[in-house]
Amino acid sequence: MTNVTAQEFQATTHVPLRPVDSTSAQSFPLLRLKAVSKSFGATKALSDVSIAFEAGKIHCLLGENGAGKSTIGKIIGGLYAPDIGDVLLEGQEIRVNSPSHARALGIAVVHQELSLAPDLSVRDNLWLGAETKWCLSRQGESRRAVDVLSQLGLELDLEKPVNTLPVGTQQLVEIGKALMNAPRLIVFDEPTAMLGAVEKQQLFTVLRRLRASGISVILVTHHIDDVMEVGDCVTVMRNGRCIDSFDLEDHLQGADVLERLTGQRQVFEAAHELREATGEILLEIETSGADSTKKISVRCGEIVGLYGVLGCGAEDIVQGLVGLKTFRNTRYLLGGKRFKPSQPVDAMRHGVGYLAAGRQQNGVLSQRSIRENLMLTQLHQFSVMGWLSRTSECKHATQQLADAAVKYGCQEDAIESLSGGNQQKILLARAMAGARDLLVLEEPTAGVDIGAKQQIHERIKAAAARGLSVVVLSSDLPEVIALCDTIYTLHQGNIVNQYEAPDETCQAQIVGDVLGRYEVQS
Amino acid sequence: MNEKSLGFRPFSRQESILKTTKLNLADGILPALIVLIALVAGAIEPRFLSVDNFMNLARQLVPLLIISIGQAFTIMRGGLDLSMSSVLSLAGVAGVILMPDIGIVAGVSAMLLVGAIAGLTSGAIIAWFRTSPLVVTLGMLSVTQALALMLSNGVPIYDVPPPYVDSIGFGTFVGLPIMVWIALILAIVAALVLRHTIFGRYVYALGSSESAAAKSGVNVRLYTILVYGVSGLCAGIGAIVLTAWVSSAQPIAAPSLTLQSIAAVVLGGVALTGGRGTIWQVFLGVLVLSLLSNVMNITGVSAYFQTLIVGIVIIIAVILDRFRRT
Chain U
1 MTNVTAQEFQ
11 ATTHVPLRPV
21 DSTSAQSFPL
31 LRLKAVSKSF
41 GATKALSDVS
51 IAFEAGKIHC
61 LLGENGAGKS
71 TIGKIIGGLY
81 APDIGDVLLE
91 GQEIRVNSPS
101 HARALGIAVV
111 HQELSLAPDL
121 SVRDNLWLGA
131 ETKWCLSRQG
141 ESRRAVDVLS
151 QLGLELDLEK
161 PVNTLPVGTQ
171 QLVEIGKALM
181 NAPRLIVFDE
191 PTAMLGAVEK
201 QQLFTVLRRL
211 RASGISVILV
221 THHIDDVMEV
231 GDCVTVMRNG
241 RCIDSFDLED
251 HLQGADVLER
261 LTGQRQVFEA
271 AHELREATGE
281 ILLEIETSGA
291 DSTKKISVRC
301 GEIVGLYGVL
311 GCGAEDIVQG
321 LVGLKTFRNT
331 RYLLGGKRFK
341 PSQPVDAMRH
351 GVGYLAAGRQ
361 QNGVLSQRSI
371 RENLMLTQLH
381 QFSVMGWLSR
391 TSECKHATQQ
401 LADAAVKYGC
411 QEDAIESLSG
421 GNQQKILLAR
431 AMAGARDLLV
441 LEEPTAGVDI
451 GAKQQIHERI
461 KAAAARGLSV
471 VVLSSDLPEV
481 IALCDTIYTL
491 HQGNIVNQYE
501 APDETCQAQI
511 VGDVLGRYEV
521 QS
Chain Z
1001 MNEKSLGFRP
1011 FSRQESILKT
1021 TKLNLADGIL
1031 PALIVLIALV
1041 AGAIEPRFLS
1051 VDNFMNLARQ
1061 LVPLLIISIG
1071 QAFTIMRGGL
1081 DLSMSSVLSL
1091 AGVAGVILMP
1101 DIGIVAGVSA
1111 MLLVGAIAGL
1121 TSGAIIAWFR
1131 TSPLVVTLGM
1141 LSVTQALALM
1151 LSNGVPIYDV
1161 PPPYVDSIGF
1171 GTFVGLPIMV
1181 WIALILAIVA
1191 ALVLRHTIFG
1201 RYVYALGSSE
1211 SAAAKSGVNV
1221 RLYTILVYGV
1231 SGLCAGIGAI
1241 VLTAWVSSAQ
1251 PIAAPSLTLQ
1261 SIAAVVLGGV
1271 ALTGGRGTIW
1281 QVFLGVLVLS
1291 LLSNVMNITG
1301 VSAYFQTLIV
1311 GIVIIIAVIL
1321 DRFRRT
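The listed protein sequences derive, respectively, from chains U and Z.
Letter by letter, the first sequence follows residues 1 to 522 in my numbering.
Letter by letter, the second sequence follows residues 1001 to 1326 in my numbering.
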């Protein structure tokens, strides 16, 4: 499916160029933050931040979760007002009161979560957020919609409901919504978080197109790769302060930026030791494709990664494994026996722990405490006839939170009070508690900062070293390579290749596999 | 502090004003409101503050409290049960019909059984077919109502054994009516179950996020069925109390009880979206509603006007609930 949109991309080469506004005075940057501070209660989200955003550039805001970069986006977008400090648009001091005020000033914000109405058509969605005149003919609406889509290099059936489009394309429609009001500046808040490798490339192409048509872009991200790929300049943030701000020249490497970001030169995650896969085979997955039957085998203590773009079938394999779906063409053998769980609780009875992707929807119980979230599925150990022993539960919770290196105040605090990384550590601990033989992980580090990510990786590796088998599904290729003993690549429901003890050199081939330009190894 | 918890909320500035004056119905406002109503009522009508009237209030409150406890389980689970009062009618009719033949104890057990079966059936349909509890329990309302009318031929059954009426309906134990004891013990058991058992923990978990609970290995079907089993069982207990109190089994008994129970639960401050709430909150909600109706009865406010006042109180409660959850 991703191929189709990629072709659609290349098919349209004509970009209607918007003339760069020559009247915008040379001496002023398009937008400038001057000594801006913002607090939420006792927490200082931004302190004394000054940034100048030049016209016609892609300016990246890079930092870990909680660094304050999203707050900047929200101040520019009119969601928050700064406590102190000024916002200047072309040298004029402005006060952005609301998102609609920001729109009127020519500032648009594309948020991380899609705000599309899934059942409405592409055209209706594009017009949803737009400033409408009283009445507009259907042709007029369509013409404007086609204009905007061509700005993105997209040709879509305007009457198609957006939920029939691939996620990557939906995100582009979301960007189209922002373009409806002909903005001068667009803020992207973590646009790549939800996207796989191919969708990311599509997005970057669009960002470059926007820049070419004279629109300034602010890209809020915590991926250095994104910055290296499309950024013209970058502002590095940590703990609500600007650490550094510089143009990205060609000679700069990702490691240089990371050095400036963390203040120390970092080795990318230590190459993992080659462990001999001598354990017994615990799990076998057989998928019978159109032409052949392929097998994935997972040994005890082995970390196996499944990698592919969205819709490649890896998700289905994992969901079948934990009983969320059933497929006729996929068979699972767990410990040599046919394994066909009906729901996750059934899989857990067989010693399979599961960490689902989508922390907000499928992970945390947002209204409940840290302790209740962590202990959710281990309660049987602390109960007699269903009656819980609070003391023993609390003791185990304390122990597990310490093991998982979670930073928290009190077990009874709401889980929502924790950062994304700490929430994820708790969810991982919960999944591991249920994993006697096999741990199934979907996007184990999505949306967590670098520090938490490394801790989570160490936890997973330690569990594997104790003999636990792990199946990882992740759209983060460096993560899969760093974490896994064996990687299987998938494309359109088929297993393409198998990589034992992968390293960075495999990267190109793996990307080739999942995009469909592969030669089947015999 | 992290960015996630700040979240993306338009008009966050306005919200922060509300946050500083955090309203918590159960912790402050409701008890204050209860005292206020009592004081005003006592000033207007001294009879209100008599022991007799308090006993009366306690009895009036029992059926609503029992039904509201059952309702609270379904609401905390993230659903609701619209069939409760008609399940109560069916259980009452069935139990009273059987009572002369099989004895009082067996008759009472039959009421509990009928209630539990009706609830478990709703629960099973909701859990297996992943259907909306609103529609399923609405259907069950109609089915059980029809069965109650068919069993009783549409007329109230007055053939209730006197010992049953005398003991449960009008008997007392240590100064309190037996039916008040029943409601009190049920409330305490329900509070303990929610707080100290696996079942209670899963009720909250399912109400908070069914998807998260399911994916981390909670048996969603089993516990959903059990939750509606509890609401059905409470309807059965309600039937015992009500048939004994009015010494008859009505095929259409207390039809407004279901909606009142939802109102009481919300009024107490239990989130309608599920995942949160305590039996104490439910009790306070029930107390306010019962107190209002008692006061208005005693001061001679017309029935139509009473309905109006109760409606307004419920709407205000929901608005306060919005503020509380910012």
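Don't read these hints as lab results, they were simulated from the structure.
Only a predicted model underlies this, so the values are computations on that prediction, with no experimental measurement involved.
A virtual CB, placed ideally from N, CA and C, is assigned to each residue, including glycine.
Just so you know, not all the hints are guaranteed correct.
Unchecked claim - Derived list of chain Z stretches under chain U, where covered just means 3 residues or more per stretch with a C-beta under 8 Å from a C-beta of chain U: (1) 1029 to 1037; (2) 1111 to 1125; (3) 1208 to 1214; (4) 1268 to 1278.
Here is what the structure says about each hint:
1. 1029 to 1037: violated (count 0)
2. 1111 to 1125: violated (count 0)
3. 1208 to 1214: holds (count 6)
4. 1268 to 1278: holds (count 3)
The structure fails hints 1 and 2 (numbered hints given earlier, in ascending order).
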